[in-house]
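Let the sequences and hints guide you as you build the complete structure.
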Amino acid sequence: MSGIISLLTDFGLADNFVGAMKGVILKVNPRARIIDICHNIQPQSIIEAAFLLKGSFKFFPKRTVHLVVVDPGVGSGRRKILVKTKNYYFIAPDNGVLALALKEEPPLKIIELANDKYFLKPVSDTFQARDIFAPVAAYVSKGEDIYKFGRQIKAIKASELPKVKAKNNELAGEIIYIDRFGNLVSNIDKETLRNFIKNKKFKISIKDKTIDGLSRSYAEGLKNKPLALIGSFNSLEIALNCGSARDYLRAGKGTKIKIKVKRF
Amino acid sequence: MSGIISLLTDFGLADNFVGAMKGVILKVNPRARIIDICHNIQPQSIIEAAFLLKGSFKFFPKRTVHLVVVDPGVGSGRRKILVKTKNYYFIAPDNGVLALALKEEPPLKIIELANDKYFLKPVSDTFQARDIFAPVAAYVSKGEDIYKFGRQIKAIKASELPKVKAKNNELAGEIIYIDRFGNLVSNIDKETLRNFIKNKKFKISIKDKTIDGLSRSYAEGLKNKPLALIGSFNSLEIALNCGSARDYLRAGKGTKIKIKVKRF
Amino acid sequence: MSGIISLLTDFGLADNFVGAMKGVILKVNPRARIIDICHNIQPQSIIEAAFLLKGSFKFFPKRTVHLVVVDPGVGSGRRKILVKTKNYYFIAPDNGVLALALKEEPPLKIIELANDKYFLKPVSDTFQARDIFAPVAAYVSKGEDIYKFGRQIKAIKASELPKVKAKNNELAGEIIYIDRFGNLVSNIDKETLRNFIKNKKFKISIKDKTIDGLSRSYAEGLKNKPLALIGSFNSLEIALNCGSARDYLRAGKGTKIKIKVKRF
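Protein chains in written order, with numbering that gives the first Met the number 0: chain L, 0 to 263; chain Y, 0 to 263; chain A, 0 to 263.
Any given hint could turn out to be false.
Which copy is meant is left open, so a pair is good if it fits within one copy or across any two.
Heads up, simulated BS3-like pairs for lysine-lysine below, C-alpha to C-alpha not over 30 Å straight-line [what the hints assert, rightly or not]:
id, residue 1, residue 2
1, Lys116, Lys189
2, Lys255, Lys57
3, Lys83, Lys255
4, Lys162, Lys120
5, Lys120, Lys57
6, Lys202, Lys162
7, Lys156, Lys224
8, Lys108, Lys224
9, Lys189, Lys120
10, Lys222, Lys156
11, Lys153, Lys166
12, Lys120, Lys102
13, Lys252, Lys224
14, Lys108, Lys200
15, Lys224, Lys261
16, Lys162, Lys200
17, Lys200, Lys83
18, Lys162, Lys222
19, Lys224, Lys116
20, Lys255, Lys164
These aren't lab readings, by the way, just hints derived from the structure by calculation.
Being a predicted model, the structure only gives us computed values, none of them experimental.
So, in structure tokens, the structure goes:
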């Protein structure tokens, strides 16, 4: 085992929630290495966490345990799952938060967490990240046999990004994520874009602006002129060199973006 | 020694204060494992730090060194202390910040930090977390004899949460903490509530709303209908399923909350 | 090697950028110890990062690898450098972000990062912190020979804080940094101040307020009366005891501050 546990939650950093989880992990596995992916997921936004997980999990060493807790159903009947893939372990509530990552790295085994021998007692109904997920992640990181945590199940809940629509010579997507710099990340991934434009010239429309083709880097952009590029999420991204495309375009999640192949 | 040091401060994450402390710790003990409990305590709020420490310290492995720095008196005459309890070490300015935790885990020894052999020189009058507390915590985490840091003292400064008042069939408390999700945490802890209601039915009043008894989990709540439960701080908490009770009720720290046993 | 890598970036904590970098580091060096100095540098503010690095790097153990990424020129032609000094390694884009630290700790060797054997492939044009800087830092932390990363170069880009001006009996500086507590940090460092006032009495003017000489600690200040002291950045700082000097004085970066030696 690598002993590495990554954390991705909507707990924020204003409270002691993440700290308590880490204490619990170290109680079980004092050698665990805990790495924060992000704790500032918008409260209860399963799809945002799913998107950031998809963009992060592969950068970690093999056998990393990815613990993802965005859990609006905490304490209700939703299942809690442990997924083994070729390279990683994933632990999360079964609410779709793993779905985008597992499309890229298919599950080999899915276990429903049920054996309370591995839980912190008493298990609260409001903070199972601390009482269930954290200790289980720690035991997994120590190499505990995954069949001990519960019975194997077949399928997990899905979640999906908004679909890109192709029609005639137009590809219609939308902004699905906005980063700290105000870069607007769309649901049009690199492959979808490449397959659609097939080396032809194209233009991108967002709000009342039109952008000609792709730049390679943020630094290529001119002042007050938005540019488009394939960003680190491997998706079409609208940015403003040394500025915020979000503020400049007054765009947000859901803002439409269109790709048109040029006719001449 | 576990070599684990937890940090709880009001230094925030916008500056380099926490990073500098961690550097100093690793200079003294390169094997120390440093875990952040929280750095976003409201500036100078001793009681908030005391409350989060009380809700966190037990989740850490035995022999963890809990370093707590909310220190409006830095550089003045306030004492700096090291407390050994059955399971942990605590290091802090002597201003009440440890008091709530030590009510649950009584001090066995209290040492006033005085031996400047263990301090970073020169000691500044504005950042003793870096120059005094961090290196001392690192030496303690390495197993240094605690009597070497200074002389033993008898008592430390107290701090207290607002008191809950019981009168006739009413229990009167208040909101003392609000978490990232807008959940309103009161000073009425589980035991006080249980002792008061003794299995009878009861209702909870906050602002102009009345809530019937307790829910078990956030997910039980209906849209736009606040619920009450015993949360992860082991206290009565008012919440809104997938929403913010703070925003919905326009409540804040100090908002009154009342429990009334039902008469029929 | 110490195996310690410090991180200082403008990536914030709202996205997965820092987490992805850490994953990459651990893939290369599973034993690396990663310490965050700060990730909340104002986007693209090279000088702010340079200032915080200068105030932090010395507090880390010898042989720490300081990785600093504020990189508005990412993907453009700017160089990427590795600097070895007597006590540390520094890795950054060559845009001035290391300049203030290296004034205190002069470079012994400067290497331009060019050997893509050490890069994550494919190298993106938008996130070279993850694809170039993080893996290189990890290899350096493992003890890789620094000449393997590229050819040696002579000089790096400069950056400078605003200059302090001395004229007759007046020293004129400005606020260059404001911390979480609203303390106003000026560009007048301790030595400059001492050399100028030479044990004479002096007063400090900022906005419409006058402050008499230095206090030693924040706690010496009276309510609603700003004080001046030499803070943890080793510079003249204006503060308000248990309050925010920024809010009280409505000051900001660039606010002028003057020192006058008293005539009688």
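Violations among the numbered hints, reported as their numbers in ascending order | 3, 8, 11, 14, 17 and 19
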